[in-house]
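S.K.: Okay, here's what each chain looks like letter by letter:
Protein chains: 2
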Amino acid sequence: MRKKAPRAVVLLSGGLDSTTVLAHAMAEGYSCNCLSFRYGQRQDIELQRAADLCRKMGVENHLILNLDLAAIGGSALTSEIPVPKDRRLSEIEEGIPVTYVPGRNIIFLAHALAWAEVLGAGDIFLGINAVDYSGYPDCRPEFLAAFARMANLGTRAGSEGNPFTLHAPLMRMSKAEIIELGTRLGVDYGATHSCYDPVGELACGRCDACRLRLKGFAEAGLTDPARYVQEER
Amino acid sequence: MRKKAPRAVVLLSGGLDSTTVLAHAMAEGYSCNCLSFRYGQRQDIELQRAADLCRKMGVENHLILNLDLAAIGGSALTSEIPVPKDRRLSEIEEGIPVTYVPGRNIIFLAHALAWAEVLGAGDIFLGINAVDYSGYPDCRPEFLAAFARMANLGTRAGSEGNPFTLHAPLMRMSKAEIIELGTRLGVDYGATHSCYDPVGELACGRCDACRLRLKGFAEAGLTDPARYVQEER
Numbered sequence: 001m002r003k004k005a006p007r008a009v010v011l012l013s014g015g016l017d018s019t020t021v022l023a024h025a026m027a028e029g030y031s032c033n034c035l036s037f038r039y040g041q042r043q044d045i046e047l048q049r050a051a052d053l054c055r056k057m058g059v060e061n062h063l064i065l066n067l068d069l070a071a072i073g074g075s076a077l078t079s080e081i082p083v084p085k086d087r088r089l090s091e092i093e094e095g096i097p098v099t100y101v102p103g104r105n106i107i108f109l110a111h112a113l114a115w116a117e118v119l120g121a122g123d124i125f126l127g128i129n130a131v132d133y134s135g136y137p138d139c140r141p142e143f144l145a146a147f148a149r150m151a152n153l154g155t156r157a158g159s160e161g162n163p164f165t166l167h168a169p170l171m172r173m174s175k176a177e178i179i180e181l182g183t184r185l186g187v188d189y190g191a192t193h194s195c196y197d198p199v200g201e202l203a204c205g206r207c208d209a210c211r212l213r214l215k216g217f218a219e220a221g222l223t224d225p226a227r228y229v230q231e232e233r
Numbered sequence: 001m002r003k004k005a006p007r008a009v010v011l012l013s014g015g016l017d018s019t020t021v022l023a024h025a026m027a028e029g030y031s032c033n034c035l036s037f038r039y040g041q042r043q044d045i046e047l048q049r050a051a052d053l054c055r056k057m058g059v060e061n062h063l064i065l066n067l068d069l070a071a072i073g074g075s076a077l078t079s080e081i082p083v084p085k086d087r088r089l090s091e092i093e094e095g096i097p098v099t100y101v102p103g104r105n106i107i108f109l110a111h112a113l114a115w116a117e118v119l120g121a122g123d124i125f126l127g128i129n130a131v132d133y134s135g136y137p138d139c140r141p142e143f144l145a146a147f148a149r150m151a152n153l154g155t156r157a158g159s160e161g162n163p164f165t166l167h168a169p170l171m172r173m174s175k176a177e178i179i180e181l182g183t184r185l186g187v188d189y190g191a192t193h194s195c196y197d198p199v200g201e202l203a204c205g206r207c208d209a210c211r212l213r214l215k216g217f218a219e220a221g222l223t224d225p226a227r228y229v230q231e232e233r
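Line order of the protein sequences matches chains B and Y.
Here my numbering is used: the first residue of the first sequence is 1, the next is one more, and so on.
Here my numbering is used: the first residue of the second sequence is 1, the next is one more, and so on.
In short, the hints are calculated from the structure, not lab data.
Because the structure is a prediction, the values reported are computed rather than measured.
Glycine residues also receive a C-beta, built at the ideal position from the N, C-alpha and C atoms.
Don't take each hint at face value.
Stated by the list, open to error - Not everything, but these chain B residues come out facing chain Y in the computed CB check (under 7 Å):
hint, residue
1, L65
2, D68
3, G73
4, I106
5, A110
6, A114
7, F147
8, R149
9, L153
Said to hold, decoys possible - With a straight-line Cα cutoff of 25 Å, these simulated SDA-like cross-link-like pairs (lysine to any residue) come out:
hint, chain 1, residue 1, chain 2, residue 2
10, Y, K215, Y, A191
11, Y, K4, B, G73
12, Y, K85, B, R156
13, B, K85, Y, R156
14, B, K215, B, I45
15, Y, K56, B, A71
16, B, K85, Y, V118
17, Y, K3, Y, H167
18, B, K56, Y, A71
19, Y, K4, Y, G120
20, Y, K56, Y, G200
21, Y, K215, Y, D188
22, Y, K215, Y, I45
23, B, K3, B, N61
24, Y, K85, B, V118
25, B, K3, B, R55
26, B, K3, B, V59
27, B, K85, B, V199
28, Y, K4, Y, K56
29, Y, K85, Y, S174
30, B, K4, Y, G73
31, B, K4, B, L166
32, Y, K215, Y, E201
All chains, please: the whole structure from these sequences, using the hints.
M.R.: And the structure:
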């Protein structure tokens, strides 16, 4: 009899990084349960992309949870603070940007952990990266290790000897390397969404997320299949 | 000029423990920002009690956030699994009960942390207790220490040298000791709600929360001012 695939929870925003992580987890043989969040983000078109990707890629479950992050405040992604545009890559790579959402990855991971415990999944995958987003404290390997330790003390499964493992396969990869990996795994990047400040379904091409994405495709020697505003002009 | 009171975030369910913690934090001189959650709990009457207590006690802010814990499932508190009744105290004190909500304290603390970061509050208070609820993995001191470590690595404030401190003043206290503390601090326990399975505004008197509460009042030599179902019969 064939062994049942182990279950994993995958944090999926519908962006380039998390979609690559999903393809990686599926290639590793996991039965994937994808978790997305509606948290008052400007770019909520990404949730439609996440749902479409889940259908196309054949995941086990896709759950979209509502979060009240806008009530907590403090970020350009969930408020009227303008999203920065046309920043130099050197500016993007240093400091903590206004698009930092306080506690966001901690809140996302806390929900992933709760769902993993209910599903009996021991593995959690997420697309955080310490290269392009060095300024986000919740994208660093030492944060992730501390989260795993806390998770294994604070849950029934972890405290009863079934520890959770957190996987961040993109942690040390450049955007170009991520795109090369996803391309090998057959990811349809035209179906992903990265822009912080889209106009309808079109990416702005000027926010930090767009600039890092375009640089990554350029460095990988590939063309980004996503649709950008300027193409329509 | 008088120094401004330091800000704290207090997790407030409207129950006996968290209301005692709020009174303690106020007595310690903190300007308190109380955080409650609407998470599909059966006992959502506690949110009304929390709001009333915040008004009476003069807190700085009270924020009620919506959480989708019911969508995650796995607990008698957010599902159709029956709440256990009439258990012996020895049964309540061992093992993890069906009222355990996977990841609940982790999710609550993650939001408290995000809000604390936005408010510039360095202190977070919560009413967890390792004596009566020894079976809950997320009520243990070692869990709390691991959460604080993770929090200080995963947030802007923590990583920039303004660490968060988590306070669980009830951790080692019996229910009777908690009630004695709150009584000294002037807590109106008639305005608090503990029951997991209330009938309207009346506590059932038979779930684990009611049984621990009634035992605590008895051991403190006090009468519980809360209203219970049997009184109406």
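S.K.: Look at each hint and say if it fits the structure.
M.R.: Now the hints, each set against the structure:
1. Given hint, L65 of chain B at the interface with chain Y, holds; its Cβ is 4 Å from that chain's nearest Cβ, closer than 7 Å.
2. For D68 of chain B, the interface hint holds, since its Cβ comes within 7 Å of a Cβ in chain Y; the closest pair sits about 4 Å apart.
3. Interface restraint check: G73 of chain B against chain Y, minimum CB-CB distance 5 Å, threshold 7 Å, status holds.
4. Proximity of I106 of chain B to chain Y holds as hinted, the smallest CB-CB distance being about 5 Å (cut-off 7 Å).
5. A distance limit of 7 Å between C-beta atoms decides the matter here; for A110 of chain B the minimum to chain Y is near 4 Å, and the interface restraint holds.
6. With a least beta-carbon distance of about 3 Å to chain Y, the hint placing A114 of chain B at the interface is held under the 7 Å criterion.
7. Of the supplied interface hints, the one on F147 of chain B holds, with its beta-carbon coming within about 5 Å of a beta-carbon of chain Y, less than 7 Å.
8. Checking R149 of chain B against chain Y by beta carbon gives a least distance of about 5 Å; that is within 7 Å, so the hint holds.
9. Annotation: interface hint on L153 of chain B holds; nearest CB of chain Y at approximately 4 Å, less than 7 Å.
10. The suggested pairing of K215 of chain Y with A191 of chain Y holds, with an alpha-carbon distance near 18 Å, which does not exceed 25 Å.
11. The straight-line distance between the Cα atoms of K4 of chain Y and G73 of chain B is roughly 23 Å, inside the 25 Å bound, and the hint therefore holds.
12. Proposed proximity of K85 of chain Y and R156 of chain B is supported: the alpha carbons are some 22 Å apart, at most 25 Å.
13. Our distance criterion of 25 Å between C-alpha atoms is met by K85 of chain B and R156 of chain Y, whose separation comes to about 22 Å.
14. Proposed proximity of K215 of chain B and I45 of chain B is supported: the alpha carbons are some 22 Å apart, at most 25 Å.
15. Of the supplied pair hints, the one linking K56 of chain Y and A71 of chain B holds, its CA atoms being roughly 23 Å apart against a limit of 25 Å.
16. For the given pair, K85 of chain B sits about 23 Å from V118 of chain Y by alpha-carbon distance, which is consistent with the 25 Å threshold.
17. At roughly 22 Å between alpha-carbon atoms, K3 of chain Y and H167 of chain Y fall within 25 Å of each other, so this suggested pair holds.
18. Using a Cα cut-off of 25 Å, the hinted pair K56 of chain B and A71 of chain Y holds, with the two alpha carbons roughly 23 Å apart.
19. Using a Cα cut-off of 25 Å, the hinted pair K4 of chain Y and G120 of chain Y holds, with the two alpha carbons roughly 13 Å apart.
20. This hinted pair checks out: K56 of chain Y and G200 of chain Y have alpha carbons roughly 22 Å apart, not beyond 25 Å.
21. Proximity of K215 of chain Y to D188 of chain Y is assessed by CA-CA distance (about 18 Å); at most 25 Å being required, the pair is judged to hold.
22. Only pairs whose Cα atoms come within 25 Å are accepted, and K215 of chain Y paired with I45 of chain Y is accepted, the gap being roughly 22 Å.
23. A hinted pair counts as satisfied when its Cα atoms are at most 25 Å apart, and K3 of chain B with N61 of chain B qualifies at roughly 20 Å.
24. A distance of roughly 23 Å separates the Cα atoms of K85 of chain Y and V118 of chain B; the hinted pair therefore holds under the 25 Å criterion.
25. Proximity of K3 of chain B to R55 of chain B is assessed by CA-CA distance (about 24 Å); at most 25 Å being required, the pair is judged to hold.
26. In summary, the hint linking K3 of chain B to V59 of chain B is supported, as the alpha carbons are separated by about 18 Å, within the 25 Å threshold.
27. A threshold of 25 Å between alpha carbons decides the hint, and for K85 of chain B with V199 of chain B the separation of about 14 Å falls inside it, so the pair holds.
28. Straight-line distance between C-alpha atoms of K4 of chain Y and K56 of chain Y comes to about 21 Å, which keeps the hinted pair within the 25 Å bound.
29. Annotation: proposed proximity of K85 of chain Y to S174 of chain Y holds, straight-line Cα distance about 21 Å (limit 25 Å).
30. As the CA atoms of K4 of chain B and G73 of chain Y are separated by approximately 23 Å, the hinted pair is consistent with the 25 Å bound.
31. Only pairs whose Cα atoms come within 25 Å are accepted, and K4 of chain B paired with L166 of chain B is accepted, the gap being roughly 21 Å.
32. In summary, the hint linking K215 of chain Y to E201 of chain Y is supported, as the alpha carbons are separated by about 21 Å, within the 25 Å threshold.
Every hint from the earlier list agrees with this structure, and none is contradicted.
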